[in-house]
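Peer 1: Single-letter residue listing:
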Amino acid sequence: MLGEDRRLQILERIMREHGYEKSALLEILHAAHELYGYFDKVLLEYISERLNLPPSHIYGVASFYNLFKFRRPGEHIISACMGTACYVKGAEEIISAIEKEFNLKRGGSTPDGKLSLFITRCIGACAMAPNVTIDNEVIGKATKEAVLERVRKFLGG
Amino acid sequence: MKPEDILKIANEEVERQKSYKCRINVCCSSGCLPFGALRVLKAFEEAIKEFGLQRECKVSRTGCVGTCSVGPVVIVEPGSYLYQGVTPEKAREIVKSHIISGEPLKETLYMNEAFFRKQLRLVLRNAGKIDPLRIEEYMAVGGYSALIKCLTKMTPKEVIDEVIASGLRGRGGAGFPTGQKWNFVAREKNTPKYVIANLDEGDPGVFANRTLAEADPHAIIEGMAIAAYAVGAEKGYIYIRAEYPLAVQTLREALKQAKSMNLIGKNILETQFNFDIELRMGAGAFVAGEETGILASIEGRRAMPRPRPPYPATSGLWGKPTLIQNVETLANIPIIILNGGSWFAKIGTPKCTGTKCFSLTGKVNNPGLIEVPMGITLREIVFDIGGGVPSDRKFKAVLVGGPSGGCLPESLLDLPIDYESLTKAGAIMGSGGIVVIDDESCMVDTAWFFTDFCVDESCGKCIPCRVGLLKMRNILERIMRGEGRLEDLDVLAELGEYVRDVSLCGLGQTAPNPILTTLRYFRSEYVAHIIDRKCPAGKCFKKEVMGEA
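Chains as they are written, first to last, in the numbering used here: chain X, 1482 to 1638; chain V, 56 to 604.
I should point out that these hints are in silico values taken from the structure, not numbers from a laboratory.
These numbers were taken from a predicted model, which means no experiment stands behind them.
Glycine included, each C-beta is placed from N, C-alpha and C at the ideal position.
Check before you lean on any hint, since a few could be wrong.
Said to hold, decoys possible - Simulated restraints on C-beta separations:
| no. | chain 1 | residue 1 | chain 2 | residue 2 | range |
| --- | --- | --- | --- | --- | --- |
| 1 | V | Trp373 | X | Glu1498 | 14 to 22 Å |
| 2 | V | Pro405 | X | Tyr1519 | 47 to 55 Å |
| 3 | V | Lys63 | X | Lys1595 | 53 to 61 Å |
| 4 | X | Glu1515 | V | Val582 | 32 to 40 Å |
| 5 | X | Lys1622 | V | Glu465 | 54 to 62 Å |
| 6 | X | Glu1574 | V | Trp373 | 46 to 54 Å |
| 7 | V | Lys63 | X | Pro1535 | 30 to 38 Å |
| 8 | X | His1538 | V | Glu105 | 58 to 66 Å |
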């Protein structure tokens, strides 16, 4: 996963900026996650080595926080908000419909790696609930039909 | 920079703004942004250029005014005309009709005055009125003059006395008296000391802190600097959810500006006072908002709370005295310093002074962000400000205080809002989430949703929270599958009280609230599930997700 590309140099620079401080672990994990999109063993072991922290500690911290992913996400990402306001306004129904239509489970991807479905914590656009984010675009006051149609469109094209 | 320089910048900005006949404020907050606010902003700028009005009319991007369900919203000054659902096409029409011909575009105006009538905007005083990315605009409305007053005319003790006189209590949920907390940290001899601004707004359905940071970041920074001066801290952290990218970006930019003007950093305004602020991002852990959890997270560890004492005031970040305040609390500080503690103490109720921001969501006609004086009733919030539930449904309950808050029935709607009365009713002030629930929702299912959230977010350190909540959720699932027994209700109540009383931190101590309050006020729904094997709202008995644990 690491490779000798620019991402590694950027990560190294960020670690240097933080003086390889153990207390900056969360900041460094953020940077690595942003660069690579998810964590795998090689990446976490690399960070562990550079910060001189046991791999168990790195994994322990990384897996504690919901934001971090440990599997490569699909090409397109649907993030369905499951905050209180969205739940009360029927988010569950939309999520089940996506699962059924595209044959994937929440937290997972389709076998061809084209589509992932994630459940997110509240994105804070509660007055527009329910909200579904498709590839960084938020659909407010979402309906099952609107979301499915949008996804079908880019999967088809 | 000296204090005079700041006042000069403020005056110049005031003069500059006076040179405009009108001003168009486009809300570019997280509520409006996903729905085309930037396109609207651009359309206004282009229209102003097209009609050659650049000298008369200023177009600004601002923060949230609260009517988030009808975005993108735009305010035209003078007159505070609020437009809703503005599109780029309508933007051009507004310029033509309102700005040029002086005739407001009636069909696009937000006519619901009731939404604002009972509100009192102190914390959100600048939200929607200033450009959060221009420090000059904050200064033009008196920003940073409270910090100047503290540094030049007040001793740290006088600052603390003013805050004590105001009666301000922590807005993060627990309501601890702010001035008293400052006193604890101030009298510690151990240095360095730290100030942490808590913006880890993890409650689903709550967005007040985010809105504040997006609309008026300097109010938070100024409040922090004053707090640091009062307690003798030299370093501060703003701990913010990573799920709030716009708030992160806004704060980052605001910090940069404040640093460049020497409002934070070394020898602030050429005094002996040093205070630096760093931004730290959370990564999606509800428990990181707990005060000892936040410490662990900033130190780069899992955000697991620890027993108190020692309290963070004595032993916080890296074992040093640390003041932790919610950002809403901090944003109150500048106006308390400028107007005096006794002025602030007159607002709200005698024991609960000031205002509180609430995120009003769920089945209500006017969802959005509101700020109301303490002591207002839930009925006023839900029905007067919120406009009640949509006409075809019936009000059933209101959830106050986030996922570990309580579900209160109609009979308690006349409850005045303050920390004590909410706790007595089984709810909490929490971070100010109010979710209105109608007869479409099943209360057992609602309790399940929140319990499930807390099970997921439990850090696993203490047994009552880790195991107790899981057991409670499993019992709920059994009831929802139609396999419940009447004894289950007693077990739920007993377990709930146990988890509440002996959990280590605030998460476990409040997590049973949804179950305990629904048992208390909506027991008949539980009984219907158990005896009649029927869900009155028609929600349960068909869930496939049930019964995995």
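Peer 1: All hints are to be evaluated individually against the structure, with a verdict given for each.
Peer 2: The hints, checked one at a time:
1. The hinted range of 14 to 22 Å is satisfied by Trp373 of chain V and Glu1498 of chain X, whose Cβ atoms lie roughly 20 Å apart.
2. A hinted range of 47 to 55 Å for the beta carbons of Pro405 of chain V and Tyr1519 of chain X is consistent with their spacing of about 53 Å.
3. The supplied range of 53 to 61 Å is met by Lys63 of chain V and Lys1595 of chain X, whose beta-carbon atoms lie about 58 Å from each other.
4. For Glu1515 of chain X and Val582 of chain V, the hinted distance range of 32 to 40 Å is not satisfied, since their beta carbons lie about 51 Å from each other.
5. For Lys1622 of chain X and Glu465 of chain V, the Cβ-Cβ distance of about 27 Å falls outside the hinted range of 54 to 62 Å, so the restraint is violated.
6. Between Glu1574 of chain X and Trp373 of chain V the C-beta distance comes to about 47 Å, which sits within the given range of 46 to 54 Å.
7. Between Lys63 of chain V and Pro1535 of chain X the CB atoms are about 55 Å apart, so this pair departs from the stated range of 30 to 38 Å.
8. In this structure the hint that His1538 of chain X and Glu105 of chain V lie 58 to 66 Å apart at CB holds, the actual value being about 60 Å.
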